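Enquirer: This is what each chain is made of:
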Amino acid sequence: MPAERRDAGEWMGGECLEPLCYVGDGGDRFFISMELPLVEKKDIELSFAGSELEIRAKMRKTLTLKSFGAFGRLSGFCSFGRRIRLPQDADPGNARARFVKGILEIEVPRKRGAGLSIE
Amino acid sequence: MKESVKVLETKDIPSKERAALVGIPDTGLVGGISASYIADKLGLSEIAHLESDDFPPVVVVHEGRPKSPIRVYGNDSVMVLISEIPLTSSLISGVIPAMVSWFREKGVSMILALGGVANPKRQELEELSVYGLGTDARADEIVKKNGIRPFEEGVIIGPNGVIMRECAKNDFTCLYLMADSYYRFPDPGASASLIRTLNKVLGLDVDVKQLLEKAGEIKIAARDLMKKTSEYMSDIEKGRLKEAPVMYR
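Sequence order for the protein chains is X and H. Note that this note's numbering has the first sequence beginning at 134, numbered continuously upward. Note that this note's numbering has the second sequence beginning at 345, numbered continuously upward.
Next comes chain X alone, as it looks inside the complex (with noise of 0.2 Å):
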């Protein structure tokens, strides 16, 4: 059976977290929500490879913390990374972010199909 370290990032070497993320589908478009700690607008790196969208970004300080109540020790990670595959109707050209509060919220809108005239 598995054990989980909580220490990771020594193992990890220093590497990515996967950040918490949720997906909505608001019928003309898709939301994305991200929590991103640690980490400032300008060191966010966002690009689309066809309909999945990749997320970089790195912390402005190397993560450390005693363990404390329900909270294990945490240290060495410095940047968060993941990938999310959007749905084939997601339309990325037209996609919007903006990132407050520690919080990357992504809009992509669905692609419209094509209109069908009534003779």
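One or more hints might be untrue.
If you want the ones that stay clear, here's a sample from chain H, every Cβ over 12 Å from chain X, calculated [said to hold, decoys possible]:
hint, residue
1, S378
2, S380
3, H406
4, R415
5, S427
6, E428
7, S433
8, P494
9, I500
10, R528
11, A559
12, E561
Here are the simulated distance ranges between beta carbons [as the list claims (entries may be wrong)]:
hint, chain 1, residue 1, chain 2, residue 2, range
13, H, L469, X, K194, 21 to 29 Å
14, X, C149, H, N514, 46 to 54 Å
15, X, D161, H, L548, 23 to 31 Å
Straight-line alpha carbon distances no greater than 30 Å define the calculated BS3-like cross-link-like pairs of lysine-lysine that follow [unchecked claim]:
hint, chain 1, residue 1, chain 2, residue 2
16, X, K175, X, K199
17, X, K234, H, K544
18, H, K571, X, K194
19, H, K572, X, K191
Source of the hints: derived by calculation from the structure; they are not laboratory data. These numbers were taken from a predicted model, which means no experiment stands behind them. Even glycine gets a Cβ: it sits at the ideal position worked out from N, Cα and C.
Keeping the supplied structure of chain X fixed, place chain H upon it in accordance with the hints.
Expert: Then chain H, alone, in the frame of chain X:
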């Protein structure tokens, strides 16, 4: 299930009148973060833990020692229960009655359930409100005396609602305190607001400076628990979730 949850005391705990705080994973993990921070800052030692064959096969490891995921910390004036696992509906029905019954046996005079209330405008808020919901007139008086906003309309889903129900059923004073919070992101800022209110209610002096300074680190440390808690909240809130703003889905 009910009888299968046991509270195992790891220290001799005399029965004494005191308050008990409860931090179970829920909205924004506000209760868990608040309870953990208070236990740490008051230097409370572990006095008991809960055990059940129905718990998921998990031990948590702290400082090189395996521990039960649901533990009680305390001193002469306060007890704090902290859960490191979200409570599914089937666990709630065993854990909550066992916890309430044990608190009563140990002389606890009031349970303060700690939590968050999801506010879709949380990102824009600088001042976070704390709401209170009590089971009896004594709790109502505390709400009134300490300038806490009464929680007058809404629905309480999950473990804190069951704590209130169990306390009401047993004529036990319970006050559920909730701070404006993110729904699915850990919220140390909401915990700080809640602790400031608790300081007034219980006459404590817990400084939240370090909680706010370390908010980013705490959010990261709480990530996995928040993710698991969100999955559980989705399961029990399917109906309600459809009414929530899209960004919180």
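Enquirer: Cβ-Cβ distance between D161 of chain X and L548 of chain H: within 23 to 31 Å?
Expert: violated (50 Å)
Enquirer: Any Cβ of chain X at or closer than 12 Å to E561 of chain H, or is the non-interface label fine?
Expert: violated (4 Å)
Enquirer: Quick one: work out the minimum CB distance from S427 of chain H to chain X and report holds if it exceeds 12 Å, violated otherwise.
Expert: Label violated. Min Cβ-Cβ 7 Å, cutoff 12 Å.
Enquirer: Assuming the hint says 46 to 54 Å, is it satisfied by the Cβ distance from C149 of chain X to N514 of chain H or not?
Expert: Given a distance of about 49 Å, which is inside 46 to 54 Å, the answer is holds.
Enquirer: Checking the smallest CB distance to chain X, is I500 of chain H really beyond 12 Å?
Expert: holds (21 Å)
Enquirer: The output says S378 of chain H does not contact chain X. Does that hold with a beta carbon cutoff of 12 Å?
Expert: violated (9 Å)
Enquirer: Check the non-interface label on S433 of chain H: least C-beta distance to chain X beyond 12 Å or not.
Expert: Correct as stated: the minimum Cβ-Cβ distance to chain X is 21 Å, above 12 Å.
Enquirer: Verify that the Cβ of P494 of chain H lies farther than 12 Å from every Cβ atom of chain X, and report whether the claim holds or is violated.
Expert: holds (28 Å)
Enquirer: So is H406 of chain H really clear of chain X, every C-beta pair being over 12 Å apart?
Expert: violated (6 Å)
Enquirer: Holds or violated: is the Cβ of S380 of chain H farther than 12 Å from all Cβ atoms of chain X?
Expert: violated (2 Å)
Enquirer: Is K175 of chain X within 30 Å of K199 of chain X, Cα to Cα?
Expert: The hint holds at about 28 Å.
Enquirer: Would the pair K234 of chain X and K544 of chain H pass a check requiring their Cα atoms to be no farther apart than 30 Å?
Expert: holds (28 Å)
Violated hints, listed in ascending order, are 1, 2, 3, 4, 5, 6, 10, 11, 12 and 15; each of the other numbered hints is respected by the structure.
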